[in-house]
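Novice: Sequence:
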Amino acid sequence: MTENERSGPSRRALIGWGGAGLALGAAAAGGGVALSDGGLGLASAAPDHAVPFHGNHQAGIATPVQDRLHFAAFDVKTEDRAEFVQLLKDWTAAARLMTAGKPVGEGAYGGLAEAPPDDTGEALGLSPSRLTLTVGFGPSLFERFGLAGRRPAGLADLPKFPGDNLDAARTGGDLCVQACADDPQVAVHAIRNLARVGFGKVAVRWSQLGFGKTSSTTPDAQTPRNLMGFKDGTRNIAGTETARLDKHVWVSASDGDAKSSWMTGGSYLVARRIRMNIETWDRTSLQEQEDVFGRDKGEGAPVGKAKEHDAPFLKAMKPDAHVRLAHPDSNDGITILRRGYSFTDGTDGLGRLDAGLFFLAYQRDVREGFIPLQRRLSAHDALNEYIQHVGSAVFAVPPGVRDSHDWWGRALFSEEA
Numbered sequence: 035m036t037e038n039e040r041s042g043p044s045r046r047a048l049i050g051w052g053g054a055g056l057a058l059g060a061a062a063a064g065g066g067v068a069l070s071d072g073g074l075g076l077a078s079a080a081p082d083h084a085v086p087f088h089g090n091h092q093a094g095i096a097t098p099v100q101d102r103l104h105f106a107a108f109d110v111k112t113e114d115r116a117e118f119v120q121l122l123k124d125w126t127a128a129a130r131l132m133t134a135g136k137p138v139g140e141g142a143y144g145g146l147a148e149a150p151p152d153d154t155g156e157a158l159g160l161s162p163s164r165l166t167l168t169v170g171f172g173p174s175l176f177e178r179f180g181l182a183g184r185r186p187a188g189l190a191d192l193p194k195f196p197g198d199n200l201d202a203a204r205t206g207g208d209l210c211v212q213a214c215a216d217d218p219q220v221a222v223h224a225i226r227n228l229a230r231v232g233f234g235k236v237a238v239r240w241s242q243l244g245f246g247k248t249s250s251t252t253p254d255a256q257t258p259r260n261l262m263g264f265k266d267g268t269r270n271i272a273g274t275e276t277a278r279l280d281k282h283v284w285v286s287a288s289d290g291d292a293k294s295s296w297m298t299g300g301s302y303l304v305a306r307r308i309r310m311n312i313e314t315w316d317r318t319s320l321q322e323q324e325d326v327f328g329r330d331k332g333e334g335a336p337v338g339k340a341k342e343h344d345a346p347f348l349k350a351m352k353p354d355a356h357v358r359l360a361h362p363d364s365n366d367g368i369t370i371l372r373r374g375y376s377f378t379d380g381t382d383g384l385g386r387l388d389a390g391l392f393f394l395a396y397q398r399d400v401r402e403g404f405i406p407l408q409r410r411l412s413a414h415d416a417l418n419e420y421i422q423h424v425g426s427a428v429f430a431v432p433p434g435v436r437d438s439h440d441w442w443g444r445a446l447f448s449e450e451a
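Just so we're aligned, residue 35 is where the sequence shown starts under this note's numbering, counting upward by one.
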């Protein structure tokens with residue numbers, strides 16, 4: 035990005051010393067403006083591929099799934115409510131710029147030589163790459179800042195499921211940021227800058243890099259495959275399916291009570307780090323692999339069918355087949371929106387790959403979505419022989435940032451607790 039592309043009002047002129055209220059301006063460094071589409075990210079993108087930041091819902095949920103992920107959970111270090119609110123405003127201001135392909139504040143260079151630059155600089159010259167930043171609040175945040183009476187019922191603590199082997203260092207968090215982009219450096223840059231802006235007020239608790247999306251919200255796109263080689267997310271909710279999103283993903287004004295009305299238009303996120311026993315799976319026969327999933331490995335067709343999207347005949351599958359157990363018809367219609375990614379983090383020190391699925395699922399109520407579904411899967415799924423859940427977190431994802439005066443979590447912190 036050139037100096038001319040960064041020209042315009044300074045950081046101080048836009049946000050003042052407090053860091054709040056930063057104007058978005060052009061939606062792209064090249065001057066193209068992407069129209070708002072309610073936070074779905076489905077509008078025609080500007081030439082540099084910027085996803086609209088403002089909308090009724092946060093981008094990064096129903097938005098067409100990008101290729102790369104950097105997810106970070108944070109612990110809050112400050113005890114000052116006003117300082118934390120200011121952080122959320124500062125983060126929102128930075129996110130407006132980064133999702134539009136602009137550097138944070140006054141940029142990575144050209145400022146005072148005696149002071150650290152406002153932006154870390156590794157995304158200079160790169161396009162926005164459809165970057166989306168999605169923020170969520172964990173249950174532990176509601177133990178702070180007088181928020182106990184504002185915790186929504188839909189943000190339920192996850193029970194311990196059979197087979198869980200959770201690492202405390204990869205579990206929980208007061209808040210999270212999900213950065214998705216088509217360029218991994220853009221996603222990493224976004225998390226790095228938010229962590230820098232939050233220094234002293236928040237600290238990264240754990241993070242996860244992801245590649246190879248394992249679910250799609252775009253119905254006409256090729257269904258992606260997970261690290262087990264099978265197509266994943268065939269029946270996932272599409273970003274264009276407004277009725278299904280309203281029914282299964284977005285929190286309604288009729289949900290909960292007045293104390294949780296701030297969540298209207300938001301959603302609930304479950305994040306699970308699922309390690310795959312890659313070496314065992316790779317030595318399993320093709321027939322058993324297909325029996326485990328209930329689909330063939332090539333086309334992705336359900337048992338007894340020819341095409342991937344053919345309606346499955348669940349009774350033709352083995353009783354413990356993953357598709358049979360996870361299908362809405364087997365779970366009173368339970369449906370979640372999946373947005374997972376594959377990961378590989380080297381080896382475990384014993385010559386085995388530390389790899390698997392970073393599972394991300396959005397739903398209208400965790401008590402009616404992930405919890406009953408996972409109880410069924412953890413008890414009966416044949417896939418459990420080859421996987422283990424080793425990290426977990428749940429977050430309330432507030433509604434979108436409506437305009438240049440709005441900020442992440444405003445409704446939660448602006449109303450009396």
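No lab work stands behind these hints, which were simulated from the structure alone. Since we're looking at a predicted model, the values are computed, not measured. C-beta: ideal position from N, C-alpha, C; glycine also. Incorrect hints may have been included.
[To be verified] Pair ranges (Cβ atoms, derived): (1) Arg401 x Ala287: 12 to 20 Å; (2) Lys341 x Glu419: 22 to 30 Å; (3) His414 x Asp254: 14 to 22 Å; (4) Ala182 x Gly144: 24 to 32 Å; (5) Glu148 x Ser295: 26 to 34 Å; (6) His414 x Asp437: 41 to 49 Å.
[What the hints assert, rightly or not] Here are the computed lysine-lysine pairs in the DSS-like style, where the Cα-Cα straight-line distance is at most 30 Å: (7) Lys293 x Lys194; (8) Lys194 x Lys111; (9) Lys281 x Lys341; (10) Lys194 x Lys281; (11) Lys341 x Lys352; (12) Lys111 x Lys293; (13) Lys339 x Lys352; (14) Lys111 x Lys281; (15) Lys331 x Lys352; (16) Lys235 x Lys281; (17) Lys331 x Lys349; (18) Lys281 x Lys293; (19) Lys339 x Lys281; (20) Lys339 x Lys349; (21) Lys281 x Lys349; (22) Lys352 x Lys194; (23) Lys331 x Lys341.
Novice: Evaluate each hint against the coordinates.
Specialist: Here is what the structure says about each hint:
1. Checked against the hint of 12 to 20 Å, the C-beta distance between Arg401 and Ala287 comes to roughly 18 Å, which is consistent with it.
2. For Lys341 and Glu419, the Cβ-Cβ distance of about 28 Å falls inside the hinted range of 22 to 30 Å, so the restraint holds.
3. At roughly 33 Å, the beta carbons of His414 and Asp254 sit outside the given window of 14 to 22 Å.
4. At about 46 Å, the beta-carbon gap between Ala182 and Gly144 misses the expected band of 24 to 32 Å.
5. Taken as a hint, the range 26 to 34 Å is violated for the pair Glu148 and Ser295, whose Cβ atoms sit roughly 47 Å apart.
6. Here the CB-CB span from His414 to Asp437 is close to 47 Å, well matched to the stated 41 to 49 Å.
7. Under the criterion of a C-alpha separation no larger than 30 Å, the hint pairing Lys293 with Lys194 is consistent with the structure, at around 28 Å.
8. Between Lys194 and Lys111 the CA atoms are separated by roughly 27 Å; this keeps the pair inside 30 Å, and the hint holds.
9. Between Lys281 and Lys341, the direct Cα distance comes to roughly 28 Å. Compliance with the 30 Å bound is thereby established for this hinted pair.
10. For the proposed pair Lys194 and Lys281, the alpha carbon gap of about 27 Å is at most 30 Å, so the pair holds.
11. Between the alpha carbons of Lys341 and Lys352 the distance comes to roughly 19 Å, so the proposed pair stays at or under 30 Å and holds.
12. For the proposed pair Lys111 and Lys293, the alpha carbon gap of about 25 Å is at most 30 Å, so the pair holds.
13. Proximity of Lys339 to Lys352 is assessed by CA-CA distance (about 15 Å); at most 30 Å being required, the pair is judged to hold.
14. Taking the CA atoms of Lys111 and Lys281, the gap is near 36 Å; set against the 30 Å cutoff, the hint is violated.
15. For a cut-off of 30 Å, the pair hint linking Lys331 to Lys352 stands: about 16 Å separates their Cα positions.
16. Taking the CA atoms of Lys235 and Lys281, the gap is near 37 Å; set against the 30 Å cutoff, the hint is violated.
17. Taken as a hint, the Lys331 and Lys349 pair is honoured in the structure, with Cα atoms around 19 Å apart against an allowance of 30 Å.
18. Restraint check for Lys281 and Lys293: satisfied, since their Cα atoms lie roughly 21 Å apart, inside the 30 Å limit.
19. Proposed proximity of Lys339 and Lys281 is supported: the alpha carbons are some 29 Å apart, at most 30 Å.
20. With a CA separation close to 13 Å, the supplied pair Lys339 and Lys349 stays within the 30 Å bound.
21. A C-alpha spacing of about 27 Å is found between Lys281 and Lys349, which places the hinted pair at or below 30 Å, so the restraint holds.
22. A threshold of 30 Å between alpha carbons decides the hint, and for Lys352 with Lys194 the separation of about 26 Å falls inside it, so the pair holds.
23. For a cut-off of 30 Å, the pair hint linking Lys331 to Lys341 stands: about 12 Å separates their Cα positions.
Of the hints listed earlier, those the structure fails to meet are numbers 3, 4, 5, 14 and 16, in rising order.
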